[in-house]
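Number of protein chains: 2
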Amino acid sequence: MHIDIEQSILAKNDSLAASNRALFAEKGVFVLNILASPGSGKTSVILATIEALRDEFNIAVIEGDIASSVDSEKIKAQGIAAVQINTGGACHLESAMIKRAIDVLDLDALDLILLENVGNLVCPTDFDLGENAKVMILSVPEGDDKPLKYPGVFQVSEAIILNKVDTMASFNFDEGAFTDAIESLNPRAPLFRMSATKGTGVDEWAEWLAGNIRALQRSQSAQATS
Amino acid sequence: MHIDIEQSILAKNDSLAASNRALFAEKGVFVLNILASPGSGKTSVILATIEALRDEFNIAVIEGDIASSVDSEKIKAQGIAAVQINTGGACHLESAMIKRAIDVLDLDALDLILLENVGNLVCPTDFDLGENAKVMILSVPEGDDKPLKYPGVFQVSEAIILNKVDTMASFNFDEGAFTDAIESLNPRAPLFRMSATKGTGVDEWAEWLAGNIRALQRSQSAQATS
Chain F
1 MHIDIEQSIL AKNDSLAASN RALFAEKGVF VLNILASPGS GKTSVILATI EALRDEFNIA
61 VIEGDIASSV DSEKIKAQGI AAVQINTGGA CHLESAMIKR AIDVLDLDAL DLILLENVGN
121 LVCPTDFDLG ENAKVMILSV PEGDDKPLKY PGVFQVSEAI ILNKVDTMAS FNFDEGAFTD
181 AIESLNPRAP LFRMSATKGT GVDEWAEWLA GNIRALQRSQ SAQATS
Chain R
227 MHIDIEQSIL AKNDSLAASN RALFAEKGVF VLNILASPGS GKTSVILATI EALRDEFNIA
287 VIEGDIASSV DSEKIKAQGI AAVQINTGGA CHLESAMIKR AIDVLDLDAL DLILLENVGN
347 LVCPTDFDLG ENAKVMILSV PEGDDKPLKY PGVFQVSEAI ILNKVDTMAS FNFDEGAFTD
407 AIESLNPRAP LFRMSATKGT GVDEWAEWLA GNIRALQRSQ SAQATS
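Going down the list, the protein sequences come from chains F and R.
Per this note's numbering, residue 1 is the first one in the first sequence, and the count goes up by one each step.
Per this note's numbering, residue 227 is the first one in the second sequence, and the count goes up by one each step.
Hints are computed from structural coordinates only; laboratory data are not their basis.
Errors might be hidden in some of the hints.
Just a few of them, taken from the derived set where beta-carbon distance is under 8 angstroms, the chain R residues facing chain F [stated by the list, open to error]: (1) Cys349; (2) Glu368; (3) Asp371.
Glycine included, each C-beta is placed from N, C-alpha and C at the ideal position.
When you get a sec, could you build the whole thing from the sequences and use the hints?
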């Protein structure tokens, strides 16, 4: 809900987000906020990312859902720490929820936290969680016109994943129109074509993310020795 | 956003929704509120519904989107009156937006208004627009676990459409698990299997909707003659 009274709520959220961000920086953890519609493959992208990066980095996952723990169970089955947040109706994660969730994680031992937001292309856009970067996932079955209809989420994301590209033939998806729309909304964000469940395109994405994590770690160790 | 202060907003919305509902009843128009994720095929279902029912009923469409008018243009291309609401960031339609939109429609000439809500499985659930019924659409690519994650929207809907059933083979969709979850959340809602773009299952859905419209018209003409 985007309404006038939101200002004070956003201000409170931003303040706690700043405190989360300071804690993440102190502990040297890179935090990624993952935004997408329901069913676009967030959990599959997370599982593929874990598989690609777990040898180099220590990873944990925070799962946001209205209800259920089906996603965090899938993550735990891979031997990865996962905290489930049930928002109980709320359409997005807030920084206060993240603050409570990280209390149960050993931040000193972690390099990367993946935050799976509630499936929603609108509301999570406005709520800073203290993350280092936002990434959004659109899946091919959702259609190439989504940047026109939901421009905000495409604009705030540092990277964009187009998932389920293996199903392109089954859907009337105009990839040129999609790429043009992305170019005009957010020309600096890299676009990764992926099929997370088939493994296609995961390496390019994982390399981008690993590069960001290594850059953070280098800047931290430079600070520590200076 | 589901927060404490929402009560007064919901109360104001409900009051205007009641006024919309009274107007629709006076004019004998059946109003359907259509809820779904982005890209689940709301506009395709609307186009298929128009095709199936336009010989019997006079139809108009109100399109809700954050931005753009791509959907209302598709409807108008079929020779059907369409009003585009751009919510400018808001994650759901509200009754005040509908009140303004119907000012430009000739309600006396209409039998059916289809309201396409913003693509969002969470926020629209709480906002009564004055409709006669809510229908929700889930598409196969979104996955069979969505009733567990977004129970509210499955519970408030008078009917449920499972769209894009032609793509079942490309996705790991457990139809038995999906049907069981629906049964436990909302045993009274009929479930329509559909591929709106291929025309599969449209007749059964259109017959259910036509039956509801005819029942409304019969009760109205009975009131008028009593």
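Results for each hint:
1. Cys349: Holds, because the Cβ-Cβ distance from Cys349/R to chain F comes to roughly 5 angstroms (cut-off 8 angstroms).
2. Glu368: At 3 angstroms from the nearest chain F Cβ, Glu368/R passes the 8 angstroms test, so the hint holds.
3. Asp371: Given a least distance of 5 angstroms, the restraint on Asp371/R holds.
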